[in-house]
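Okay, so the sequence shown: first residue is 9 according to our numbering, each after it adds one.
Because the hints were derived from the structure by calculation, they are not lab data.
Since the model is a prediction, treat every value here as computed from it, not as a measurement.
Just so you know, not all the hints are guaranteed correct.
[Unchecked claim] Derived DSSO-like pairs (lysine-lysine); straight-line CA-CA distance at most 30 angstroms: (1) K134 x K187; (2) K13 x K35; (3) K26 x K134; (4) K97 x K35; (5) K35 x K187; (6) K97 x K134; (7) K13 x K187; (8) K35 x K189; (9) K189 x K26; (10) K187 x K26; (11) K134 x K189; (12) K97 x K13; (13) K189 x K97.
[Stated by the list, open to error] Computed Cβ-Cβ distance ranges for the label pairs, DEER-style: (14) H188 x G41: 21 to 29 angstroms; (15) A85 x Y22: 39 to 47 angstroms; (16) E39 x P210: 16 to 24 angstroms; (17) E23 x G137: 26 to 34 angstroms; (18) E136 x M9: 40 to 48 angstroms; (19) S202 x T131: 16 to 24 angstroms; (20) I25 x L230: 17 to 25 angstroms; (21) V27 x G137: 33 to 41 angstroms; (22) L45 x H207: 24 to 32 angstroms; (23) P135 x P232: 15 to 23 angstroms; (24) D114 x P232: 28 to 36 angstroms; (25) E11 x P232: 34 to 42 angstroms; (26) D152 x D58: 16 to 24 angstroms; (27) E201 x T131: 37 to 45 angstroms.
Every residue gets a Cβ at the ideal spot worked out from N, C-alpha and C, and that includes glycine.
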Amino acid sequence: MQEIKVVISGFNPYEGIKVNPSYEVPKAIAERGLLPLKASDQDFDDPLADVNLTINSVSLPISFEDAWSNLQETIEATQADIIIATGLKRAARGMLLERCATNLMDRIAPAQNGIADGSQPITPIKPEGPAAYWTRLPLHSIMDDFNGRGIPATLSSDAGTFVCNSLFYNLLDWTAGQKHKLAGFLSFPIVNESAHSQHGLPLDQQIQACSDLVRQTVRYYLQPSSGAILLS
């Protein structure tokens, strides 16, 4: 039986967000394991049936300095094969599969005496690094799963210039120097339990989406296929 280790990261509480899916979803999957296959898949052999899958979660500080160092420490401590970082995009209507991380960092200066100082110039995360890294997650297969469950989702080429993008860039930069490692980033919408919501998704649906993403990534890790990749 093959052993595969997964780390799913999220972030500590966001200001003004009562239920933070980036904290709740990784924790739930690490505690419960992956949710079941779709009913339509029950007649097919599950390639994960012969896999000893270990899933760990870690909640990170919303900090340029500490987010990546904490995640890297967890990756190395668990010897993870697959790393899925997650964050929150408040304006998103559904799940966002991030395709790339850019070498840009925007440190917003704190307000002083109630007046914002403005922001420091946008700087590269790694001055000698490439302009961007592309994920190698099987986005095509993941989107097929989301569509099959009716989970609103889209591809995103903009993880911003704040901590989420910085974490994603550092993660892919680290992965580029490793063998047999897969990494990517999933942005959650806010939690909205309304069945007819136009903004956000129920927490259980977000747990299901992340579970599907992990399952498809493990499948791809075991049996890589160019047809599973979708970047455009």
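Verification of the hints:
no.: 1; hint: K134 x K187; verdict: holds, 21 angstroms
no.: 2; hint: K13 x K35; verdict: holds, 15 angstroms
no.: 3; hint: K26 x K134; verdict: violated, 34 angstroms
no.: 4; hint: K97 x K35; verdict: holds, 19 angstroms
no.: 5; hint: K35 x K187; verdict: holds, 27 angstroms
no.: 6; hint: K97 x K134; verdict: holds, 24 angstroms
no.: 7; hint: K13 x K187; verdict: holds, 14 angstroms
no.: 8; hint: K35 x K189; verdict: holds, 22 angstroms
no.: 9; hint: K189 x K26; verdict: violated, 34 angstroms
no.: 10; hint: K187 x K26; verdict: violated, 39 angstroms
no.: 11; hint: K134 x K189; verdict: holds, 21 angstroms
no.: 12; hint: K97 x K13; verdict: holds, 27 angstroms
no.: 13; hint: K189 x K97; verdict: holds, 26 angstroms
no.: 14; hint: H188 x G41: 21 to 29 angstroms; verdict: holds, 23 angstroms
no.: 15; hint: A85 x Y22: 39 to 47 angstroms; verdict: violated, 26 angstroms
no.: 16; hint: E39 x P210: 16 to 24 angstroms; verdict: holds, 18 angstroms
no.: 17; hint: E23 x G137: 26 to 34 angstroms; verdict: holds, 30 angstroms
no.: 18; hint: E136 x M9: 40 to 48 angstroms; verdict: holds, 42 angstroms
no.: 19; hint: S202 x T131: 16 to 24 angstroms; verdict: violated, 40 angstroms
no.: 20; hint: I25 x L230: 17 to 25 angstroms; verdict: violated, 36 angstroms
no.: 21; hint: V27 x G137: 33 to 41 angstroms; verdict: holds, 35 angstroms
no.: 22; hint: L45 x H207: 24 to 32 angstroms; verdict: holds, 29 angstroms
no.: 23; hint: P135 x P232: 15 to 23 angstroms; verdict: violated, 32 angstroms
no.: 24; hint: D114 x P232: 28 to 36 angstroms; verdict: holds, 35 angstroms
no.: 25; hint: E11 x P232: 34 to 42 angstroms; verdict: violated, 18 angstroms
no.: 26; hint: D152 x D58: 16 to 24 angstroms; verdict: holds, 23 angstroms
no.: 27; hint: E201 x T131: 37 to 45 angstroms; verdict: holds, 40 angstroms
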